Amino acid sequence: MKQGRVFCSINGQIISFDSNDVLEIKQNKAREKVKKGGFKFDIWQSGMDVEEIILTARQHDIPLLNYGIISISKRFNPVIYKYAKKTTHFYYRTKILGRHATVDLFLTPRSKVLHTLSVSFNGLLAGQTKEMTDRLSGILSSKYGPVRKIDRQLFWQIRTWQPNSRISVELKWVTGSLTVTYKDNRLIELKESESKRIKHRRIQKYLTKDKHKF
Numbered sequence: 531m532k533q534g535r536v537f538c539s540i541n542g543q544i545i546s547f548d549s550n551d552v553l554e555i556k557q558n559k560a561r562e563k564v565k566k567g568g569f570k571f572d573i574w575q576s577g578m579d580v581e582e583i584i585l586t587a588r589q590h591d592i593p594l595l596n597y598g599i600i601s602i603s604k605r606f607n608p609v610i611y612k613y614a615k616k617t618t619h620f621y622y623r624t625k626i627l628g629r630h631a632t633v634d635l636f637l638t639p640r641s642k643v644l645h646t647l648s649v650s651f652n653g654l655l656a657g658q659t660k661e662m663t664d665r666l667s668g669i670l671s672s673k674y675g676p677v678r679k680i681d682r683q684l685f686w687q688i689r690t691w692q693p694n695s696r697i698s699v700e701l702k703w704v705t706g707s708l709t710v711t712y713k714d715n716r717l718i719e720l721k722e723s724e725s726k727r728i729k730h731r732r733i734q735k736y737l738t739k740d741k742h743k744f
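Plus 530 on top of the position in the sequence shown (first one is 1) and you've got this note's numbering.
It is possible that part of the hints are untrue.
[Stated by the list, open to error] Straight-line Cα separation of at most 25 Å, SDA-like style, residue types lysine to any residue; simulated pairs: (1) K615 to S601; (2) K565 to T632; (3) K702 to K726; (4) K570 to K604; (5) K721 to I688.
[Unchecked claim] Simulated restraints, written as ranges between beta carbons of each label pair: (6) A656 to Y611: 41 to 49 Å; (7) F744 to K570: 50 to 58 Å; (8) G657 to S725: 20 to 28 Å; (9) H630 to K570: 19 to 27 Å; (10) I599 to W686: 26 to 34 Å; (11) S723 to K570: 17 to 25 Å; (12) S601 to H742: 31 to 39 Å; (13) T705 to D634: 14 to 22 Å; (14) K729 to S695: 25 to 33 Å; (15) F744 to V677: 17 to 25 Å.
FYI, nobody ran anything at the bench for these hints, they're computed from the structure.
Model, not experiment: these values are computed from the prediction.
Heads up, the beta-carbon is just placed ideally off N, CA and C, and yes, glycines get one too.
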């Protein structure tokens, strides 16, 4: 509900009603069950479906874009509705901790639910990279406990937190950039399963269409 109006999503379209005309609001219990126990970042939570993501972006005036689309607008654009049924990757630009950042949201290919989210800070100087790494490590450790694993190479480092078997959080440092990635491992398994089924159906379609050519 916002400014006296109730919003709902139907087939990727957002519809609003005057709150005085709404007798009851019922939550989708199946959707809430999927989200329970998942990761949270800001206003986002793993398990949110594509309609809820777009509705949330609209309510918070977030300039959500389909991946590959470029825009300088800093406000929500209703054109995002037309991508609801086919996209698996949204993103937007914002400021976090006083720095420019890009937030990417990754969805499962069929059920269209959020399984992974990343926050990237680019264009950092050497001193800024270390400062941000230490700051973010402190924030994540205070929330998720001590670092579970550290992987190091010459030009990059990944620190991983895993508060439970379902959630993992990674902080990746590469020269000039930092990325925090939240993963819902249960929904990543769903993504992989759906991707395999989609690939299998595609192959069967091609075989049916083209096998006579041989």
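Going down the list of hints, with the structure as the test:
no.: 1; hint: K615 to S601; in the structure: holds, 21 Å
no.: 2; hint: K565 to T632; in the structure: holds, 23 Å
no.: 3; hint: K702 to K726; in the structure: violated, 28 Å
no.: 4; hint: K570 to K604; in the structure: holds, 23 Å
no.: 5; hint: K721 to I688; in the structure: holds, 23 Å
no.: 6; hint: A656 to Y611: 41 to 49 Å; in the structure: holds, 42 Å
no.: 7; hint: F744 to K570: 50 to 58 Å; in the structure: holds, 52 Å
no.: 8; hint: G657 to S725: 20 to 28 Å; in the structure: violated, 41 Å
no.: 9; hint: H630 to K570: 19 to 27 Å; in the structure: holds, 22 Å
no.: 10; hint: I599 to W686: 26 to 34 Å; in the structure: holds, 29 Å
no.: 11; hint: S723 to K570: 17 to 25 Å; in the structure: holds, 24 Å
no.: 12; hint: S601 to H742: 31 to 39 Å; in the structure: violated, 46 Å
no.: 13; hint: T705 to D634: 14 to 22 Å; in the structure: holds, 20 Å
no.: 14; hint: K729 to S695: 25 to 33 Å; in the structure: holds, 27 Å
no.: 15; hint: F744 to V677: 17 to 25 Å; in the structure: violated, 55 Å
Consistency note: the structure conflicts with the earlier hints numbered 3, 8, 12, 15.
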